[in-house]
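Two independent chains are provided; combine them into the complex using the hints.
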Amino acid sequence: MKVLVAIKRVVDYNVKVRPKADGSDVELNNVKMSLNPFCEIAVEEAVRLKEAGTASEIIAVSIGPKVVQEQLRTALALGADRAIMVETDSEPQPLGVAKLLKAIVDKESPDLIILGKQSIDGDNNQTGQMLAALAGIGQGTFASNIEVADSTLNVTREVDGGLQTVTLTLPAVVTTDLRLNEPRYASLPNIMKAKKKPLDIFTPDDLAVNLTNTVSMIKVEPPAERQAGIKVASVDELVEKLKNEAKVI
Amino acid sequence: MSILVIAEHDNASLKGATLNTVTAALAMGGDIHLLVAGSDCAAAGAEAAAAHGVAKVLIADNAVYAHQLAENIAGLVTELAADYDAVLAPATGNGKNILPRVAASLDVQMLSEIISVESADTFKRPIYAGNVIATVQSTDAKKVITVRATAFDAVSASGGNADVVSLDQVTDAGVSSFVSEELAVSDRPELTAANIVVSGGRGMQNGDNFKLIEAVADKLNAAMGASRAAVDAGFVPNDMQVGQTGKIVAPDLYVAVGISGAIQHLAGMKDSKVIVAINKDEDAPIFSVADYGLVADLFVALPELDAAL
Chain A
1 MKVLVAIKRV VDYNVKVRPK ADGSDVELNN VKMSLNPFCE IAVEEAVRLK
51 EAGTASEIIA VSIGPKVVQE QLRTALALGA DRAIMVETDS EPQPLGVAKL
101 LKAIVDKESP DLIILGKQSI DGDNNQTGQM LAALAGIGQG TFASNIEVAD
151 STLNVTREVD GGLQTVTLTL PAVVTTDLRL NEPRYASLPN IMKAKKKPLD
201 IFTPDDLAVN LTNTVSMIKV EPPAERQAGI KVASVDELVE KLKNEAKVI
Chain B
1 MSILVIAEHD NASLKGATLN TVTAALAMGG DIHLLVAGSD CAAAGAEAAA
51 AHGVAKVLIA DNAVYAHQLA ENIAGLVTEL AADYDAVLAP ATGNGKNILP
101 RVAASLDVQM LSEIISVESA DTFKRPIYAG NVIATVQSTD AKKVITVRAT
151 AFDAVSASGG NADVVSLDQV TDAGVSSFVS EELAVSDRPE LTAANIVVSG
201 GRGMQNGDNF KLIEAVADKL NAAMGASRAA VDAGFVPNDM QVGQTGKIVA
251 PDLYVAVGIS GAIQHLAGMK DSKVIVAINK DEDAPIFSVA DYGLVADLFV
301 ALPELDAAL
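Residue numbers (the numbering used here), protein chains in the order written: chain A, 1 to 249; chain B, 1 to 309.
Just chain B, same shape as in the assembly (with noise of 0.2 Å):
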């Protein structure tokens, strides 16, 4: 059995969801490949050649894949997908974009964020906003999946040494091209990644309050969430939304603040090491999955944690 992993990258530096996906495809067997596909991405390619359990490191090279365009990628992917007998992609945004186009040009019906491997055909995944946990079998010779980050352990960064490869072909659509993009720009760690995150929700009245939180995770050096309830009011950006439609987060520390806890949210960040919640109702539902519960005003707790940091 072979995989092919696509390694979740920004050209410079590979992103720690490649880590836990290619410990999935080492739970399904056989020998693993890395495609990283980007623009001047050697850098990346080379911290995908030092990755643990990776036999062999695919770079394909060229300006069509600088902006991950799903169109150009996926061609790709399909061409390569004839070598090989799964094709894996954490399920980040590109992920989510990118395979469903693979698997439907290789006629396989793709299995979404899985969270277990039960067997090499065989996998665990979440459904209807991870209330249900769905056990499903693959009958298709190829198996086309995407890899829920925080359900995996990543394997080591470091002392592996696989062959790399430069691929030549392009494969470009030419139905779709790179306008812009407008990345949120902070010197904090990235959402999904972070050692602690701390979010508010719809308690925080305005996004003007979210200083409050911003404070405490300077202190912390957190990255700062948000649930949808808080998002959808335009308290935030969308793109700090934990929960189901939004970023899954398994953090060492979560801190919920003013956040009641919906089943949409707590899809998001249930599998945190540690959960915290300070909200004023005792009976949130939030405290039922918090390891350490304050009933307190966040106004005056925000600003005391603070301090007390």
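The shape of chain A in the complex, shown without the other chains (with noise of 0.2 Å):
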């Protein structure tokens, strides 16, 4: 079968992000990019997929300006077959990502599309499940195991007071969670291998779809400090504390 997972270029998750010292945004500039971590566990599921003979094709895709090709070629280095760039000036909203994505979707008619769950720059935790929305397809969200079988997909999904196991007929959307395994490394062969590989590039126009964002940022600002309190000497004196001037116990 199929495979198309979607993959966004993000803040390295070790670059502490601070807001610009006018407030309009985040300072971006001179920061280290990657692939979000979410991405780099759909990149390995559907290696996975493959490596077990159940994917017979990997196919990559990105949206945003045309540095998000890095990750593409990470994509490519980690085992995806061919690559897919939209190309846009700015970055579209989590709807506008997916009505991109269901473009593509149409185009390339794959069994299973792979997506992180969130990213860790916007925290929208959205497009996955939008674009199961657009296709009228079902959707297993922040799965920890998948299972194919042949036209359907077993789905373990981490939910707020333990595990749910779904049953999604395919075409499906899974969206990973940190569980679903740990993502290996591109060896040096393979990161020269995948600059050979396609990568195909359109615009929006070409899929015709009309991206207008309807969510401004008035501005961004630090989240409220909270102040140090004091050392406690011993658990004695921490209980005392708690009991008597907190008074929480």
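None of these hints come from the bench; they were simulated from the model.
Everything numeric in this text was worked out from a predicted model, so none of it was measured.
Warning: the hint list may mix true and false statements.
Below, a list of computed lysine-lysine pairs in the DSS-like style, where the Cα atoms sit at most 30 Å apart [unchecked claim]:
| id | chain 1 | residue 1 | chain 2 | residue 2 |
| --- | --- | --- | --- | --- |
| 1 | A | 219 | B | 280 |
| 2 | B | 270 | A | 231 |
| 3 | A | 247 | B | 211 |
| 4 | A | 2 | A | 107 |
| 5 | A | 243 | B | 280 |
| 6 | A | 219 | A | 16 |
| 7 | A | 193 | A | 32 |
| 8 | A | 247 | A | 50 |
| 9 | B | 124 | A | 16 |
| 10 | A | 243 | B | 219 |
| 11 | A | 196 | A | 32 |
| 12 | A | 50 | A | 107 |
| 13 | A | 16 | B | 270 |
| 14 | B | 219 | A | 231 |
| 15 | A | 20 | B | 124 |
| 16 | B | 270 | B | 280 |
| 17 | A | 247 | A | 66 |
| 18 | B | 124 | A | 231 |
| 19 | B | 273 | A | 243 |
| 20 | A | 219 | A | 50 |
| 21 | A | 50 | A | 243 |
| 22 | A | 241 | B | 270 |
| 23 | B | 211 | A | 231 |
| 24 | A | 32 | A | 66 |
| 25 | A | 247 | B | 270 |
| 26 | A | 66 | A | 16 |
| 27 | A | 50 | A | 66 |
| 28 | A | 241 | B | 219 |
| 29 | A | 241 | B | 211 |
| 30 | A | 2 | A | 195 |
| 31 | A | 247 | B | 280 |
| 32 | B | 142 | B | 56 |
| 33 | A | 2 | A | 243 |
| 34 | A | 231 | A | 241 |
| 35 | B | 142 | B | 124 |
| 36 | B | 219 | A | 16 |
| 37 | B | 280 | A | 241 |
| 38 | B | 56 | A | 16 |
| 39 | B | 124 | A | 219 |
Written as structure tokens, this is what we have:
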């Protein structure tokens, strides 16, 4: 079966992001960019499906300015067969991303679409669910295990009280949670080979998708600081303070 | 203005996060209706009708809604949304699963996990794992929003007297079905609803040592949590994770044991009323947010704490 993996270029997870001085956005100049960690897990899952003989082809898709090709090459080095970039000047919001991905899904007709559950920049956790809605197919969000049967997929999902398993009719969308797998690193020979793999480029116009952002960012600010309290010398002092000063136990 | 709030419930009872979400809806203004979609969910519906500030409760009671399958519930909510100016849900696992599907069907750019209502179209929400708070404005005619429950007080669970209406439409997308679930069975309060939470981190060293946390949690009638490091290391199951990618908690007392205080974790607990940190590293970042810090070896401190309580 054919697997489509959608990936996103984001600020590296080790970078501590700060608002710009004028509060208009976050400071992204000279900041290290990487593949979103949940998207790494998505690529890894697709590669494992191919290694198991379940998947026949893996297509990696990303949306954004030209530089997202770096992350697509990473996905190719990890094992994707070919890549598609949808080039946009700015970064569309999740609904716009979902519409572009829906257009790619219509072109490619994948059996399974895997995405990260959220990107660590916007923390929206929307795109996979939105794509499933637009495509009119099922969704297995926050997946910690997937098993492909003939024309169905069993997805074990991380829900608030534990785990839930659902069966979805294929094609379907899966979004990855942290425990689905542990992604591998790309080897140097594979990084070299990835440079020769095909990468197609489309624009939103090519896909007949009209992008309009309806949510605007008014300002960004650092979160309210919490003041550090006091150090206590012993467990007895701690219990005394909690009982008599904070009165919480 | 009229607002539809999707209730979080387990058919038998309404979950607390629903009451916090009603507060957010009241801040936007207008008539608040609660949707209770489930199977044999009359009891949850009755609780919904008693909640303060709710004008009407819609009950969709059908087997297709039994396990909160997103495909079926989103179909129902999308139909109902025609009559409302906004659709809100708590940012629980269900809310996050269902609401983006509704938003896309309505061609609306959803707003995730708002933490304050500035006006009927402007909200604050955390981005970059809570390192930054964004103020965002939506020009969509209809708003679709998930609400971070811990950022809003709960409305009173009693005193309301809403009209109750049974819906007879059934939306079954036919593309998903429930197989099984494994829910953690515990006598403890639920993590996101507990008054006291005791959490362990990488410093616990292994899963067995969480027995020390358990003993203290038992004495305090507390829920047990964990940092992502402890979950990733396999010490404890995922549903115990407190943090930006896990559960967001705001109890009266949060005790962090052997947790260094990565921003990821702080984002999930820093709204707690009182924070206690126990860590042997006196430079651990957790101390910068703790009201009471104890620099100590947790393997000595936890048994002492157990004995002192």
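Each hint, compared with the structure:
no., hint, verdict
1, A:219 x B:280, "violated, 39 Å"
2, B:270 x A:231, "holds, 18 Å"
3, A:247 x B:211, "holds, 26 Å"
4, A:2 x A:107, "holds, 12 Å"
5, A:243 x B:280, "holds, 23 Å"
6, A:219 x A:16, "holds, 18 Å"
7, A:193 x A:32, "holds, 24 Å"
8, A:247 x A:50, "violated, 58 Å"
9, B:124 x A:16, "holds, 20 Å"
10, A:243 x B:219, "holds, 14 Å"
11, A:196 x A:32, "holds, 25 Å"
12, A:50 x A:107, "holds, 21 Å"
13, A:16 x B:270, "holds, 17 Å"
14, B:219 x A:231, "holds, 23 Å"
15, A:20 x B:124, "holds, 17 Å"
16, B:270 x B:280, "holds, 20 Å"
17, A:247 x A:66, "violated, 57 Å"
18, B:124 x A:231, "violated, 33 Å"
19, B:273 x A:243, "holds, 14 Å"
20, A:219 x A:50, "violated, 44 Å"
21, A:50 x A:243, "violated, 58 Å"
22, A:241 x B:270, "holds, 20 Å"
23, B:211 x A:231, "holds, 26 Å"
24, A:32 x A:66, "holds, 16 Å"
25, A:247 x B:270, "holds, 19 Å"
26, A:66 x A:16, "holds, 24 Å"
27, A:50 x A:66, "holds, 28 Å"
28, A:241 x B:219, "holds, 17 Å"
29, A:241 x B:211, "holds, 25 Å"
30, A:2 x A:195, "holds, 22 Å"
31, A:247 x B:280, "holds, 25 Å"
32, B:142 x B:56, "holds, 20 Å"
33, A:2 x A:243, "violated, 61 Å"
34, A:231 x A:241, "holds, 11 Å"
35, B:142 x B:124, "holds, 18 Å"
36, B:219 x A:16, "violated, 38 Å"
37, B:280 x A:241, "holds, 20 Å"
38, B:56 x A:16, "violated, 45 Å"
39, B:124 x A:219, "holds, 9 Å"
Hint check: violations occur at hints 1, 8, 17, 18, 20, 21, 33, 36 and 38; the rest are consistent with the structure.
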